[in-house]
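Protein chains in written order, with the working numbering: chain A, 1 to 473; chain B, 474 to 634.
Where hints are given, some of them may not hold.
Straight line, CA to CA, 30 Å or less: simulated BS3-like cross-link-like pairs of lysine-lysine [stated by the list, open to error]:
id: 1; chain 1: B; residue 1: K618; chain 2: A; residue 2: K433
id: 2; chain 1: B; residue 1: K618; chain 2: B; residue 2: K569
id: 3; chain 1: B; residue 1: K618; chain 2: A; residue 2: K64
id: 4; chain 1: A; residue 1: K108; chain 2: A; residue 2: K463
id: 5; chain 1: A; residue 1: K217; chain 2: A; residue 2: K108
id: 6; chain 1: A; residue 1: K403; chain 2: A; residue 2: K311
id: 7; chain 1: B; residue 1: K503; chain 2: A; residue 2: K64
id: 8; chain 1: A; residue 1: K464; chain 2: A; residue 2: K400
id: 9; chain 1: A; residue 1: K64; chain 2: A; residue 2: K463
Ranges between beta-carbon positions, derived for each pair [unchecked claim]:
id: 10; chain 1: A; residue 1: I55; chain 2: B; residue 2: T484; range: 40 to 50 Å
id: 11; chain 1: B; residue 1: I486; chain 2: A; residue 2: M1; range: 37 to 47 Å
id: 12; chain 1: B; residue 1: I486; chain 2: A; residue 2: E196; range: 40 to 50 Å
id: 13; chain 1: B; residue 1: T621; chain 2: A; residue 2: S349; range: 47 to 57 Å
id: 14; chain 1: B; residue 1: Y502; chain 2: A; residue 2: M312; range: 43 to 53 Å
id: 15; chain 1: A; residue 1: L320; chain 2: B; residue 2: Y502; range: 44 to 54 Å
Hint data in this document are derived by calculation from the structure and do not stem from the laboratory. All C-beta atoms in this analysis are idealised placements derived from N, C-alpha and C, irrespective of residue type, glycine included.
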Amino acid sequence: MNTVFGFIYVVYLVLTGLSFRLFWDFMVNNKSMKLSVNMMQLAHSFFIGIVLTIIILNILQLLKVNLSDTWVLIYMALLPMVIILLLKLNKTVVVFTVSEKTSYFGLKNLLILVFALCLLLFIYLQSSKLPLLAWDAWTGWAAKAQLWLIYGFDVPLLRLSQWVNTDSGMFNLIPHYPDGISLLFYLPAVVLGWQEGLINIVWVSGFFFFVVILYHKLIEQGASFKFVLFLVFLICSIPFVNVHIVFVGYADIWLAIFIFLAITALYDYCEFKTAHNFYRFAFYASSLPMFKLEGWSWLMLILFSYVFALKMNLRQRMILGFGLVLTIFIWLMLGGFSFLTPYGEIIISPEQIDIFSKFSINFNFSNVSSNILHALFLSGNWSLLWFTLPFVLCYGFFSKSCKQNQLLTTFLLSSMVGILLLFYFTYASEFAKDTTSLNRIILQLVPTYVYYLAISANTYLSKKSLDEQSQNK
Amino acid sequence: VIKPQARWLMTMISMVWLLAFVPYGFNYYKQYMWLNDIYPEGKASSIINMVDDVLSDVSQQVYTLIVSEEFFAKNSRVYIYSPDRFSKLRLNYHLKNLNSAVLSYMNSEDLASSRTQSNYLLIYDNDNENTSCQEKFLKTHQLDKFRTVYSTEDYCLMEIL
Numbered sequence: 001m002n003t004v005f006g007f008i009y010v011v012y013l014v015l016t017g018l019s020f021r022l023f024w025d026f027m028v029n030n031k032s033m034k035l036s037v038n039m040m041q042l043a044h045s046f047f048i049g050i051v052l053t054i055i056i057l058n059i060l061q062l063l064k065v066n067l068s069d070t071w072v073l074i075y076m077a078l079l080p081m082v083i084i085l086l087l088k089l090n091k092t093v094v095v096f097t098v099s100e101k102t103s104y105f106g107l108k109n110l111l112i113l114v115f116a117l118c119l120l121l122f123i124y125l126q127s128s129k130l131p132l133l134a135w136d137a138w139t140g141w142a143a144k145a146q147l148w149l150i151y152g153f154d155v156p157l158l159r160l161s162q163w164v165n166t167d168s169g170m171f172n173l174i175p176h177y178p179d180g181i182s183l184l185f186y187l188p189a190v191v192l193g194w195q196e197g198l199i200n201i202v203w204v205s206g207f208f209f210f211v212v213i214l215y216h217k218l219i220e221q222g223a224s225f226k227f228v229l230f231l232v233f234l235i236c237s238i239p240f241v242n243v244h245i246v247f248v249g250y251a252d253i254w255l256a257i258f259i260f261l262a263i264t265a266l267y268d269y270c271e272f273k274t275a276h277n278f279y280r281f282a283f284y285a286s287s288l289p290m291f292k293l294e295g296w297s298w299l300m301l302i303l304f305s306y307v308f309a310l311k312m313n314l315r316q317r318m319i320l321g322f323g324l325v326l327t328i329f330i331w332l333m334l335g336g337f338s339f340l341t342p343y344g345e346i347i348i349s350p351e352q353i354d355i356f357s358k359f360s361i362n363f364n365f366s367n368v369s370s371n372i373l374h375a376l377f378l379s380g381n382w383s384l385l386w387f388t389l390p391f392v393l394c395y396g397f398f399s400k401s402c403k404q405n406q407l408l409t410t411f412l413l414s415s416m417v418g419i420l421l422l423f424y425f426t427y428a429s430e431f432a433k434d435t436t437s438l439n440r441i442i443l444q445l446v447p448t449y450v451y452y453l454a455i456s457a458n459t460y461l462s463k464k465s466l467d468e469q470s471q472n473k
Numbered sequence: 474v475i476k477p478q479a480r481w482l483m484t485m486i487s488m489v490w491l492l493a494f495v496p497y498g499f500n501y502y503k504q505y506m507w508l509n510d511i512y513p514e515g516k517a518s519s520i521i522n523m524v525d526d527v528l529s530d531v532s533q534q535v536y537t538l539i540v541s542e543e544f545f546a547k548n549s550r551v552y553i554y555s556p557d558r559f560s561k562l563r564l565n566y567h568l569k570n571l572n573s574a575v576l577s578y579m580n581s582e583d584l585a586s587s588r589t590q591s592n593y594l595l596i597y598d599n600d601n602e603n604t605s606c607q608e609k610f611l612k613t614h615q616l617d618k619f620r621t622v623y624s625t626e627d628y629c630l631m632e633i634l
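If we strip away everything but chain B, and leave its shape as in the complex, we get (with noise of 0.2 Å):
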């Protein structure tokens, strides 16, 4: 029967440890690098990733087109559905000066809308087919009465009347 001895045990687990650390260091090294690349600024911003940028811009652009309507109110209510969950809840999240949420499933009753302030479905759909947003989200989903606010490939902002 193998004794080590008590001091030969403790150097025994600490080299297993040190040498199982030694190819996540590395890696820990190499991601500190790659980081520093990805985020060059020295500082924390609001946006994670590339696909963040973009949609920081659209909704910059949603924000300031639903600010300049007519029947907007504090109260205004932004429904925001994608069919990619983390572009919703990135919407959701910088449009958070809005009263948003995100669906995930389109239920048209849930829609309401008075004319005292205007309510907004803000549909986003990046996936590269050459037909608009609208178009595609009206193929599959029921939706009776709207004003388009704005509309491009990508996303889509209506009015629920």
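Here chain A stands alone, though its shape is the one from the complex (with noise of 0.2 Å):
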């Protein structure tokens, strides 16, 4: 029964994003009356539609406004049935359709999409059974969602310091972490109860989507019906990835596809510089800090690939590279700085960075290569996924690529580095002798590493092909 009740859930999550959509496409771009829906479009509303709710959700959170499962039901249902309503009104038209280039994709289009579906529902068969088994849902995130239900949506979570020198309060072992994965397990606990396994469909139908999506983009670059079915088979037989869709609970899945989604849409507005990219792109990228606190690292990263790969030229880029050189140089030779300011100290040096005692970080070197190589090469998680990294390399650095594609590379090198840094100079070293926490950051980047391998690739073999029939003639 929670299976129906979870892909009610999906349902809806669908259907608010679509009419979302539609209603955007209606009132601001002004479109004819005939509207078509495509399996593209609809994997986007899922995800807007799960935005649309965290957002709506915090908004009601913040207003203090105590949800009751009528006032749910009443704003689940009433959401998309306005948007529909107001189309229906307008003699509005709602074409559903297979794929935008049905005329000549259409029955390759369905083969891929359920060969995805029997991949994914082989997951969710394991999945469907298991209870909350990851740690960061049970302890975090389902906890917060527990303690909304019980002491109401408005009751202050707090860390143990606080909680033992006030009255008021629940004690939570995450209060500082945004509320995104939270909220999706609320919503529907509002309405049914606390129904342990019920949210699961949610996180499979999450990469159910993200695949459609990957697949359509490749589709658009010109891909073969041939790779286009292997780089599903390969995204959906990755272990590491396969074992966070069915322990269910965990949010690093979802900031990676939310990341996939913000860099592809600003790579779409790099090729095509349209009001309609830059809004998507706008959307999915504001909401990468509300899954998790890396969501800000990874928007920054992002912006600066954007300014680096496609604002700056070569002399500028030389400039900041040089800064870069030198400000660490000065850093390390003079052993930093720290001076008092009426908010608090500002302290920079090669031990630590520490501003106003609000952003604080150590550093200390610790050699964790074999960690890093064992976790990327040798313990399975990734299958032969990492070993494709010296091709993206290479194929990045010497090859003459588009903008958008600079803009890829430049994004995937600054991750890298950023990795590294973390693991070999700061306290997280900890937690790459550990392994796991190694390979969840890595797993945030994986999306779309996979999709800057399948165009590149693809590129090749393409270039590769053409020559070949060029040479035969």
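Relying on the hints, combine the two individually framed chains into one complex.
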């Protein structure tokens, strides 16, 4: 029964996102009376539905609105209904199509879709029976949702030090983390009560819709049917990815998908500078911090990559690089500096960076090379995925690629440098030694990496194929 | 120099990936059968393993004991302490209906109480030794004012005075 309720919840998320998209098209773009909807749009609608649900519930929480099950039902039904009614009143026709390129890719598109569904159904067979096994879920995300259910949506959640010194509020291990995943747990629980396993289908659906977007993007790039089919199998057969779909409750897989959505929206914006692409990028990029605190770092990396790859010329890049090297040199040689301000002390030294005691990070080199190599190549978590890294790096450096590919190369390289700096020079080295946290941060990059790998391989193979054909002639 | 044709290159890569998948796929299937044995109900429950089954029972007993106490109030607090991280976190998860928190270390100054409401300390120490949980705890920790509500070898519940 939970599968059915979970499926209804997924349909609700799709409808919410879809009605918002149709409304946006209708109101902002003032499109014609016929709006077509394809699988790619349904997939995007699901993710838009998730972000909208989180934003709306965050606002209600901020306004201290205590949700009862009746109000939630009204809210859940109202949002899509009002928009669909609005479209009906304006005699707008919504047409469903399998693909934008139905005429020549319809059947093959359907085959890929069924193949992806079968692979994910195999994963869901395992996931559907499992309780909340993920530590992050039952200690943090789900625990927050359960506390809201019992003590009210507006109950303050506190750390132990705060909880001990105050009379109101409830203890939670991660009150400082964003509430995105907890709110996804919370909404169906207000209506049905806490149902273990109900949310499981949302995780597998999220991954299914990601696969749909990935293969549609590859079709747009001109990839062949066999190539797309292989890529779908590849992404669905990476062991660590499967673990994060089966063990429901980790936020990393969502962050990974939304990083992919934001970076591909920016990729499209670089290719076609339309308002639609820009809004899509802004929407997905701003949703990153709703899932995990790391979302802020990823957001900054995406913006940095955009400025570096598309807004800077070679001279500006050289100046930036030189400035960076000089800063690090002075910082290490002169031993840094510290000074007192009315707001607190600022310390920037080779040992630590401390800004007003609000942001503090200590540096200490740890050699975690063997842990990183083991995690990427030997642990079996990633199958053979990271063995493709030399090809991708060579291709990124030596091929004459377009601006949007340069954006992806910059993003992937800066992310990898960031991850390595984090694990070699900060306390995070401890997490690298237990390999789980290391793999989880790598997971956040995997969908974007697979996309980059796919378009690089597709371009390389197409070029090679064309060369062979011209030689044969 | 070996220069394979594009389609052969694609076929080779696919085959290698498929070969790497075979042991994982086989293992995945075994895991699926194994999970069928562990969770035979056909639907997810709130118990995650056998240790958690015991902890769930303990938390139900603790809940019944606390709510039947004379000075129990809605804002009464339950501090949970255990040398085992999993046990204390799971107990906190099961006792979400009470105002509970896990202590990472014992600081008796944190455990303030008043007579308008009672605050409780739950200690769980299941190390199979032949002494009571409370005795083991008091040998290593300073706690002066308390009343024992219930005590077994594995856990003890104390009201902080």
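task = Quickly compare the C-alpha distance for K503 of chain B and K64 of chain A to 30 Å and report which way the hint goes.
result = Given pair K503 of chain B, K64 of chain A is violated - Cα atoms ~48 Å apart, limit 30 Å.
request  = Confirm or reject the claim that I486 of chain B and M1 of chain A have a C-beta distance inside 37 to 47 Å.
outcome  = About 43 Å separates the Cβ atoms of I486 of chain B and M1 of chain A, which means 37 to 47 Å holds.
request  = Please work out if K464 of chain A and K400 of chain A have their alpha carbons no farther apart than 30 Å.
outcome  = Holds, at roughly 15 Å.
Supplied distance hint 47 to 57 Å, evaluated on CB atoms of T621 of chain B and S349 of chain A = About 52 Å separates the Cβ atoms of T621 of chain B and S349 of chain A, which means 47 to 57 Å holds.
Cβ distance range 40 to 50 Å for I486 of chain B and E196 of chain A, holds or violated = holds (41 Å)
ask   = Are the Cα atoms of K64 of chain A and K463 of chain A separated by 30 Å or less?
value = violated (59 Å)
key: Satisfaction of hint between K463 of chain A and K108 of chain A, Cα-Cα up to 30 Å   = holds (23 Å)
request  = Given the range 40 to 50 Å, decide if the beta-carbon distance of I55 of chain A to T484 of chain B lies inside it.
outcome  = holds (47 Å)
task = Please work out if K618 of chain B and K569 of chain B have their alpha carbons no farther apart than 30 Å.
result = holds (26 Å)
inquiry  = So if I understand the rule, the pair passes when the alpha-carbon distance is 30 Å or less; does K618 of chain B with K433 of chain A pass?
reply    = Given that 30 Å is the threshold and the Cα spacing comes to 43 Å, the pair is violated.
ask   = Does the hinted range 44 to 54 Å hold for L320 of chain A and Y502 of chain B at CB?
value = holds (51 Å)
inquiry  = Does K108 of chain A sit within 30 Å of K217 of chain A, going by the straight-line distance between their CA atoms?
reply    = Given pair K217 of chain A, K108 of chain A holds - Cα atoms ~15 Å apart, limit 30 Å.
The earlier numbered hints that this structure contradicts are 1, 3, 7, 9.
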